[in-house]
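K.L.:
Sequence:
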Amino acid sequence: MTSMQKWVTAAVLGLLAVVLLPAAPASAHAKLTGSNPQAGQMVTADLPVVTLSFSGPVKAELSTIVIAGPDGVNMTNGPATVADVTLTQPVKALPPGQIKVTWRTVSADGHPIEGTFDFTNANPAASRPSPSASETSAAAAPATTRPADVATSSSASSSDEGVSPFVWLLVAALVLAAASGGAVWYRRRSAD
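Using mature numbering (1 follows the signal peptide of the UniProt record, and there is no 0), the letters of the sequence shown map in sequence onto residues -30 to -1, 1 to 162.
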């Protein structure tokens, strides 16, 4: 085996190692680890806040929680706050019935995570308030997607996923073609 053949073989093996042995992720995505109230729970006392706990830190500025009563009216009371791994949303007095919690946040590594769950408000002191016009419009507002949310979501997804395997295969093919071309050129030059 000539030195050029050894070089080409080493280059191909090195490139295959880079392509086939991907690096371990730098950090894990945060996951929902618990909530208060829990999914499916029956609440029998006043509930001033809904809290979500995550396995890692989340970004406050990119976190939203919508708490909808049985009639779909948004029952959040001010912005959500984040303390390390806990996302807290103050709520208005909840009407009796099934309450739907829809949440979305972004973990510290930039990965968007979201989910939804229901619980039942069986507090005997709960009364069904009639929604005002501002509450009705507030219920519709969080459900809409703002362009900033879409841009954040796509940039977070693309930066999180890394380079596509297709790109690595294309690079490998180009390097292999260049190495093969170099070997052919070297042999022709040596033969002359």
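Since the hints were made in silico from the structure, they are not lab data. Any given hint might turn out to be false.
Cβ pair distances, simulated, as ranges [claimed, not checked]:
hint : residue 1 : residue 2 : range
1    : A161      : W(-24)    : 13 to 21 Å
2    : L146      : S(-28)    : 47 to 55 Å
3    : S25       : D88       : 48 to 56 Å
4    : D88       : L144      : 26 to 34 Å
5    : L139      : A53       : 42 to 50 Å
6    : W(-24)    : G85       : 25 to 33 Å
Think about it this way: if two alpha-carbon atoms lie no more than 27 Å apart in a straight line, the pair counts; the simulated DSSO-like pairs of lysine-lysine are [said to hold, decoys possible]:
hint : residue 1 : residue 2
7    : K29       : K1
8    : K1        : K70
9    : K(-25)    : K29
10   : K29       : K62
The C-beta atom is built at its ideal place from N, Cα and C for all residues, glycine as well.
K.L.:
Run every hint past the structure and note whether it holds.
P.N.:
Results for each hint:
A hinted range of 13 to 21 Å for the beta carbons of A161 and W(-24) is consistent with their spacing of about 18 Å. The hinted range of 47 to 55 Å is not satisfied by L146 and S(-28), whose Cβ atoms lie roughly 19 Å apart. For S25 and D88, the hinted distance range of 48 to 56 Å is not satisfied, since their beta carbons lie about 22 Å from each other. Range check, D88 to L144: Cβ separation about 53 Å, and the 26 to 34 Å hint is violated.
Range check, L139 to A53: about 45 Å between beta-carbon atoms, so the 42 to 50 Å window is met. Against the hinted window of 25 to 33 Å, the Cβ-Cβ separation of W(-24) and G85 comes to about 53 Å, which falls outside the hint. Between K29 and K1 the alpha-carbon distance is near 13 Å, which keeps this suggested pair within the 27 Å criterion. Between K1 and K70 the CA atoms are separated by roughly 19 Å; this keeps the pair inside 27 Å, and the hint holds.
Only pairs whose Cα atoms come within 27 Å are accepted, and K(-25) paired with K29 is rejected, the gap being roughly 51 Å. Under the criterion of a C-alpha separation no larger than 27 Å, the hint pairing K29 with K62 is consistent with the structure, at around 24 Å.
In this structure, the earlier hints numbered 2, 3, 4, 6 and 9 are contradicted, and the remaining ones agree with it.
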